[in-house]
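Enquirer: Chains as they are written, first to last, in this note's numbering: chain W, 1 to 261; chain C, 1001 to 1261.
Take the hints with a grain of salt, since some may be wrong.
[Stated by the list, open to error] Some chain C residues judged to face chain W by a derived CB distance under 8 Å, without partners named:
id	residue
1	M1001
2	G1042
3	Y1043
4	S1236
5	I1240
6	P1243
For the record, the hints were derived by calculation from the structure and aren't laboratory data.
Built from N, CA and C at the ideal position, the CB exists for glycine as well.
2 protein chains.
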Amino acid sequence: MTYCVGIAVRDGLILISDTRTNAGLDNISTYRKMHMLAETGGYLIFCMSAGNLSVTQHVLGQLAEGLPAISPDECPRRIANMPSMFRVAQLVGEAVRAAGSELKPALRAAGVNAGISLIVGGRIGDGPIKLYLIYDAGNFIECCPETPFLQIGATAYGKPILDRAMNYHTSLDEAVKVGLLSFDSTIRSDLSVGLPLDLVVIPADRTREVIRRRIERDDPYFTDLSARWSMLLNQSRAAIPDPPFLAPRSYGSSSEASPYE
Amino acid sequence: MTYCVGIAVRDGLILISDTRTNAGLDNISTYRKMHMLAETGGYLIFCMSAGNLSVTQHVLGQLAEGLPAISPDECPRRIANMPSMFRVAQLVGEAVRAAGSELKPALRAAGVNAGISLIVGGRIGDGPIKLYLIYDAGNFIECCPETPFLQIGATAYGKPILDRAMNYHTSLDEAVKVGLLSFDSTIRSDLSVGLPLDLVVIPADRTREVIRRRIERDDPYFTDLSARWSMLLNQSRAAIPDPPFLAPRSYGSSSEASPYE
Chain W
1 MTYCVGIAVR
11 DGLILISDTR
21 TNAGLDNIST
31 YRKMHMLAET
41 GGYLIFCMSA
51 GNLSVTQHVL
61 GQLAEGLPAI
71 SPDECPRRIA
81 NMPSMFRVAQ
91 LVGEAVRAAG
101 SELKPALRAA
111 GVNAGISLIV
121 GGRIGDGPIK
131 LYLIYDAGNF
141 IECCPETPFL
151 QIGATAYGKP
161 ILDRAMNYHT
171 SLDEAVKVGL
181 LSFDSTIRSD
191 LSVGLPLDLV
201 VIPADRTREV
211 IRRRIERDDP
221 YFTDLSARWS
231 MLLNQSRAAI
241 PDPPFLAPRS
251 YGSSSEASPY
261 E
Chain C
1001 MTYCVGIAVR
1011 DGLILISDTR
1021 TNAGLDNIST
1031 YRKMHMLAET
1041 GGYLIFCMSA
1051 GNLSVTQHVL
1061 GQLAEGLPAI
1071 SPDECPRRIA
1081 NMPSMFRVAQ
1091 LVGEAVRAAG
1101 SELKPALRAA
1111 GVNAGISLIV
1121 GGRIGDGPIK
1131 LYLIYDAGNF
1141 IECCPETPFL
1151 QIGATAYGKP
1161 ILDRAMNYHT
1171 SLDEAVKVGL
1181 LSFDSTIRSD
1191 LSVGLPLDLV
1201 VIPADRTREV
1211 IRRRIERDDP
1221 YFTDLSARWS
1231 MLLNQSRAAI
1241 PDPPFLAPRS
1251 YGSSSEASPY
1261 E
C-alpha cells in the first residue's frame, strides 16, 4: 500500500508521500513515490503515485520519453512543453490510459490488481499553483479551496485529522504539521505505510525557497511530533468525563431508556 | 454504510452500532443494526450487522425461525439451544452461508453488493463473555486480549483511536468513552455513518446491570464528548511545535538535505 497527501492552501502547496511498497507481506521494499516531472524553464511539477508499481513506472517512463506527437512533423509531447497545469494533468491522464491499455489485459488475466492513482502538483512560470488527482481511467479532479487536500492510497486512517484541522487559510507551517500528523495516524494503523517520508513544499510566495526533504526513520522532528501527539491524545482522552450511563446510580434507570424492550 | 465496534475487555463487553443505511446517497434511512439474538434462560447474546440489509434480515429471520434440524426427529436449531458461544458463532455462520447460497446469485446478476459481516457477542449462563466477527463466507474469528476490539463497516476512520487507546485492561467506563470517540471520528469523516447510536454494555461483574441505550442525536453526553474532543485535538495540535524545516533560517540548507538532487 501507500499513503500520499497533497495539500493546496492559500500560502502554497505541500506534497507528502511514504516510501513503503509491498508485494505480499513478506516482500516489503522502499520505493520513492515522490517523482519530479519537470524542474527547468519555469516548470516545477511533482507527481506522487499509489497502486501497481510497474504500471506507475510505465507511466513515468512514458512521460519522460514523451507521448507520441499528434502529427508526424511534431515533437513527442512532454510535460515541459505543456502550456498550462491543466494540460499537464491531461497529458498524465493520457499516459495513465495508455499504460492501462498496454498492461491491464495481461495483469487482469494474471489476477494482479493493476490500478493506479496519481497526485500531480506544481506550477508553470508565473502561473498559479495547481493540484490534481488523476484516477486510474485517466480522468482527473482539481483540488479546491473548500477541501484543500487530496489523498491516494490508504486514505481513511489519516482523513479525520485533515477533515478537522485543514482549511484553505491554514498557514504553511501548520499545514505541514497536520499533514505529518495524518501520516502518524496512518503509519500507526496500517503496516503497509511506513517511513521514510518525502516532503515537498512550494510556497506561493516566490521569495521563499522550495523545500524538498526526506524525513528518515530517526528524524528528530517527526519522532518528537509522534511522541507528543500520542501523549496529548492520551491527556485529551483522560480529560473527557466518563459516560454517565455506566455510573452505578444510573443502573436502575437504564432499562427505562432502552429502545430494545 | 455502517460502523459497528465490539470491545471485549477484562471488565466486560461493549457493543456500539450506528443506525444509518443508504441505498445511494438519495435514499438514507435509519435502521437498527443492533439485534438481540437471545435473552432468556441465561442467554444474553447480541448481534451487530454491516452490509446488504436484505441479506442481513434474511440471516436474522432464519435464526429466529431456527435452522433446519440435522435429523427429522429433532427441533430446528436455534441460538437459545446452543450449548456454547462457539456453537452460537457456528450457527450464525451457517445462517450467513445459507442466505448467501439462496440470495447471492440473483443479487450478483443484478450487480448488487451482497456481502455482509456480523459481530456476535454475549454470554450463556455462567460461561465467559465471548465476541466474534462472522465474515461473509460464514467463517469467523474470536476477539482476543491482544487486540480487544472487532470492527465492521467503515472501520478505518475510527481505528487509530482504538489502536492507540484500547487494551484489555482498559476500564469499562474508559472503553465506552474510547468507543464513542471512535464513532465521533467516523461520523465526522464518513457521511454514511450517523447518529443515533445503539450501545450495549455487559459487565463481567454480574452484580452490575447490563446497559442497553440508544444515544440520540441530541444526547447531552455525546454532544459534549464530541465538542470537547474537537477542542482538545485543536489545542493538542497547536501545542506541537511547527516543523523546523520551513523556518526561514533553514531555507539555505534545505537543498543540501534533499534526496532529489
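Enquirer: For every hint, state whether the structure bears it out.
Expert: Hint-by-hint comparison with the structure:
1. Given the 8 Å rule on beta carbons, the hint for C:M1001 is violated: about 12 Å separates it from the nearest Cβ of chain W.
2. A hinted interface residue such as C:G1042 counts as satisfied when its beta carbon comes closer than 8 Å to some beta carbon of chain W; here the least separation is about 18 Å, so the hint is violated.
3. Below 8 Å, beta-carbon pairs count as interface contacts, and C:Y1043 has none with chain W, the closest being about 15 Å; its hint is therefore violated.
4. Among the interface hints, the one on C:S1236 holds; its C-beta lies about 4 Å from the nearest C-beta in chain W, closer than the 8 Å criterion.
5. A cut of 8 Å between beta carbons decides the hint on C:I1240: the least distance to chain W is about 5 Å, and the hint holds.
6. Taking 8 Å as the C-beta contact cut-off toward chain W, the hint placing C:P1243 at the interface holds, the least distance being around 5 Å.
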